[in-house]
Amino acid sequence: MNAHTRSGRDGSQDHGSVEVCQCLPCVTAKNEDRSVPRPCVSPSPATDQRQLSLASLSFLIVAPEGGCVYVNSDPFRAKMASCRLSGGVLVSVLVLGVQLCFLVRQTSGGFDLNMFAAQQSPPDPCYDENGKPRRCIPDFVNAAFGKEVKASSTCGSPASRYCTLTGNSADAGEERARVCHICDSTAPKRQHPPSYLTDLHNPNNVTCWQSEPYIQYPTNVTLMLSLGKKFELTYVTLQFCSPRPESMIIYKSMDYGKSWVPYQFYSTQCKKTYQKPNRALITRANEQEAICTDAHSDIEPLTGGRVAFSTLEGRPSAFNFDNSPVLQDWVTATDIKVVFNRLNTFGDEAEEASRDSYYYAVSDFAVGGRCKCNGHASKCVHDREGRLSCDCKHNTAGDECDHCKPFHYDRPWQRATARDANECIACNCNLHARRCRFNMELYKLSGRKGGGVCLNCRHNTAGRHCHYCKEGFYRDESKPITHRKACKACDCHLVGASGKTCNQTTGQCPCKDGVTGLTCNRCAKGFQQSRSPVAPCIKIPRGPTSVPSPTYPKPGERCPECLGEKKVNRKNYCKSGYVIQCSILSREILGEWTKFTINVGTIFKREQSLKLRRGDQYMYVRQSDLQCKCPKLRLGRKYLLMGSVDRDNNREGLTLDYRSTAIPWRNRWGKRLRRHQRRQKDGKC
1 MNAHTRSGRD GSQDHGSVEV CQCLPCVTAK NEDRSVPRPC VSPSPATDQR QLSLASLSFL
61 IVAPEGGCVY VNSDPFRAKM ASCRLSGGVL VSVLVLGVQL CFLVRQTSGG FDLNMFAAQQ
121 SPPDPCYDEN GKPRRCIPDF VNAAFGKEVK ASSTCGSPAS RYCTLTGNSA DAGEERARVC
181 HICDSTAPKR QHPPSYLTDL HNPNNVTCWQ SEPYIQYPTN VTLMLSLGKK FELTYVTLQF
241 CSPRPESMII YKSMDYGKSW VPYQFYSTQC KKTYQKPNRA LITRANEQEA ICTDAHSDIE
301 PLTGGRVAFS TLEGRPSAFN FDNSPVLQDW VTATDIKVVF NRLNTFGDEA EEASRDSYYY
361 AVSDFAVGGR CKCNGHASKC VHDREGRLSC DCKHNTAGDE CDHCKPFHYD RPWQRATARD
421 ANECIACNCN LHARRCRFNM ELYKLSGRKG GGVCLNCRHN TAGRHCHYCK EGFYRDESKP
481 ITHRKACKAC DCHLVGASGK TCNQTTGQCP CKDGVTGLTC NRCAKGFQQS RSPVAPCIKI
541 PRGPTSVPSP TYPKPGERCP ECLGEKKVNR KNYCKSGYVI QCSILSREIL GEWTKFTINV
601 GTIFKREQSL KLRRGDQYMY VRQSDLQCKC PKLRLGRKYL LMGSVDRDNN REGLTLDYRS
661 TAIPWRNRWG KRLRRHQRRQ KDGKC
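With the first letter of the sequence shown counted as 1, position 346 gets the number 346 in UniProt numbering; the numbers rise by one all the way through.
Since the hints were made in silico from the structure, they are not lab data.
Glycine residues also receive a C-beta, built at the ideal position from the N, C-alpha and C atoms.
A portion of the hints provided could be inaccurate.
Simulated pairs of lysine-lysine, BS3-like, Cα-Cα distance not exceeding 30 Å [said to hold, decoys possible]:
1) Lys479 - Lys500
2) Lys539 - Lys500
3) Lys567 - Lys512
4) Lys512 - Lys595
5) Lys567 - Lys632
6) Lys595 - Lys611
7) Lys132 - Lys605
8) Lys632 - Lys566
9) Lys271 - Lys258
10) Lys684 - Lys611
11) Lys512 - Lys611
Estimated spans, in silico, between C-beta atoms of each pair [unchecked claim]:
12) Phe346 - His403: 54 to 60 Å
13) Gly386 - Pro406: 23 to 29 Å
14) Tyr235 - Arg387: 55 to 61 Å
15) Ser259 - Pro218: 20 to 26 Å
16) Lys379 - Arg190: 38 to 44 Å
17) Thr516 - Gly398: 57 to 63 Å
18) Phe346 - Asn320: 44 to 50 Å
19) Lys444 - Ser259: 33 to 39 Å
20) Arg678 - Ser609: 18 to 24 Å
21) Ala418 - Arg190: 48 to 54 Å
22) Lys379 - Lys470: 23 to 29 Å
23) Lys444 - Arg387: 33 to 39 Å
24) Ala418 - Leu455: 32 to 38 Å
25) Asn320 - Pro406: 30 to 36 Å
Make the full structure from the sequences, and use the hints.
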């Protein structure tokens, strides 16, 4: 049929979009000029909406004013009815058994064909109207539909004869009719492959898988179905073209066929065949165990009989499924296996001619359930590799949304329930970390609010939440903690500071005695710099108040004789108040005094009143004594100093005069002085 369209005023074809919905057909009353359309029924949220492309129809019809038009389209064998509605025309199409309707709106320039108008995307079922997470589950489906089934026995290879029984099997005296056929896998109309088990089940055109004739106990026939991922099953059904088996088992696997667990036993002789009681009582103690029943094991009906297993029927915890991990595990499966153990017969199998009437034949193998997503996904999708997996929400991940996605470990993963979506929460790392881990102990201590621990904090931060600055850095209060430069370096002076850690708030470094400044980079008031890394700043000494002063010669007169000892013997050692080995580092003239900075290497003897220690010290000598070379001192040289303690001075350091001994150091004196030191300790001084 040719397509008819109404052009707009500019001559262009007006194409738009289609509003697709399921609807009741338009009905025209007999002998009336105007049509009486029936309303279009909007589909429910669970209805499978099928979209139909305008290009696939290859035609478009516009209904005239009033009345209904029915059109037969050869390419699709479609039946179309168009009815007048307020604001437009309702076009109802029956294509391949699917009834659709289109609303064609009329405008001043013709009909506005709003084909495929952009509709507002439906809200995400995993979140409410306020964006709060809530439990969501995928649609209920026949998980077996279109899946491959592996059968251990299939007739037709080679071609074989089989017969179907008709008549009343209950009346043993009545002759049962046998209608025989040929099963041939090479002939499309005579084959019975396993693919017929999971194809579209049409009661008007039944297709059946069929086993080879008379495979009787103890030999069995097995059907294996892989679902492709974990499903939570509601039922497993089998509809037979032959009499139902006398004994059969349904198994499930949760590890893709590596191991199998019985799901249900069927037998007229449960105890004899499977060593299980018939119709055992299910309690909370055994609700995860398979039971045996004699239901669905009768030979009648001869065809069309059904075996239906409900996974939760009779299970005590079924009404509290959300809080029953046992049943959640019970309904979970990746594969289903059906084992037919014994054929149902009329007892005439001893006759060779009757054996081709006994076989297993199934027209439909259905597994009803939902993709297992633990309440964190509303649908399952195929990934790039073609594997089926959940479209996870709530910050979850995995084929079954069974764990939290990376960095969302602030609380443990949990299955969603009707009361709580139990979404995974991101760790609080203040934007300074990309990885974290979960700690159950911290989670319990926090009152089950948070247990995330950040790993590898960046931007010089540290702590469980990267919430403070690491050693050697302090907080810059002008920036938020989430700023990448929220922590500034302490920059503590290597010599002036006693450590690398500064105050986290002020940035003040810990300074050594006499050192000050934010980074400990200068001497405090009353202190001056030294060359010692141990004590970089020392107190400025007060000038000596009184020292023994000799009678210095007037200009032109000779210097007095130096009274300092020249020998290093026990007598001189014992009468000295101090005996030290030191190096002259520097000197500074302070009025009539010269201040030397010395480095004390070894202290052989000192009185307790003398505050003397190893390292850098000060020493004072009058300039007049230096001019007379009493003592004679040179920078950079090592000396042995011996003398009496000046008790009239209250300053730190030594005071030397013309009576003090200052002899250039000789290494051989070390042993001698150690020997004098030991004798002094023995009281022989």
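The hints, checked one at a time:
Between Lys479 and Lys500 the alpha-carbon distance is near 23 Å, which keeps this suggested pair within the 30 Å criterion. For the suggested pair Lys539 and Lys500, the alpha carbons sit about 25 Å apart, so the restraint of at most 30 Å is met. Annotation: proposed proximity of Lys567 to Lys512 is violated, straight-line Cα distance about 41 Å (limit 30 Å). Our distance criterion of 30 Å between C-alpha atoms is met by Lys512 and Lys595, whose separation comes to about 24 Å.
With a C-alpha separation of about 16 Å, the suggested pairing of Lys567 with Lys632 holds against the 30 Å cut-off. Pair hint Lys595 plus Lys611 holds up; C-alpha atoms about 17 Å apart against a cutoff of 30 Å. For the hint pairing Lys132 with Lys605, the CA-to-CA distance comes to about 82 Å; that exceeds 30 Å, so the pair is violated. Taking the CA atoms of Lys632 and Lys566, the gap is about 12 Å. The hint holds against a cut of 30 Å.
The hinted pair formed by Lys271 and Lys258 meets the criterion: a straight-line CA distance of about 28 Å does not exceed 30 Å. The hinted pair formed by Lys684 and Lys611 meets the criterion: a straight-line CA distance of about 25 Å does not exceed 30 Å. A C-alpha spacing of about 20 Å is found between Lys512 and Lys611, which places the hinted pair at or below 30 Å, so the restraint holds. Between Phe346 and His403, the C-beta spacing of about 55 Å keeps the proposed range 54 to 60 Å intact.
For Gly386 and Pro406, the hinted distance range of 23 to 29 Å is satisfied, since their beta carbons lie about 24 Å from each other. A beta carbon spacing of about 25 Å between Tyr235 and Arg387 contradicts the range 55 to 61 Å that was offered as a hint. A C-beta distance of roughly 23 Å is found between Ser259 and Pro218, which places it inside the suggested range of 20 to 26 Å. With their beta carbons about 40 Å apart, Lys379 and Arg190 fall inside the hinted range of 38 to 44 Å.
At roughly 59 Å, the beta-carbon separation of Thr516 and Gly398 lies within the given 57 to 63 Å, and the hint holds. The hinted range of 44 to 50 Å is satisfied by Phe346 and Asn320, whose Cβ atoms lie roughly 46 Å apart. Checked against the hint of 33 to 39 Å, the pair Lys444 and Ser259 passes, with Cβ atoms roughly 35 Å apart. Distance hint check for Arg678 and Ser609: the Cβ-Cβ separation is about 23 Å, which falls inside the suggested range of 18 to 24 Å.
Between Ala418 and Arg190 the beta carbon distance is about 52 Å. The supplied range of 48 to 54 Å therefore holds. Our hint of 23 to 29 Å for Lys379 and Lys470 is violated, since their Cβ atoms are close to 45 Å apart. Taken as a hint, the range 33 to 39 Å holds for the pair Lys444 and Arg387, whose Cβ atoms sit roughly 37 Å apart. Taken as a hint, the range 32 to 38 Å holds for the pair Ala418 and Leu455, whose Cβ atoms sit roughly 35 Å apart.
For the pair Asn320 and Pro406, the supplied restraint of 30 to 36 Å holds, since their beta-carbon distance comes to about 33 Å.
In terms of the numbered hints stated before, the structure departs from hints 3, 7, 14 and 22, listed from lowest to highest.
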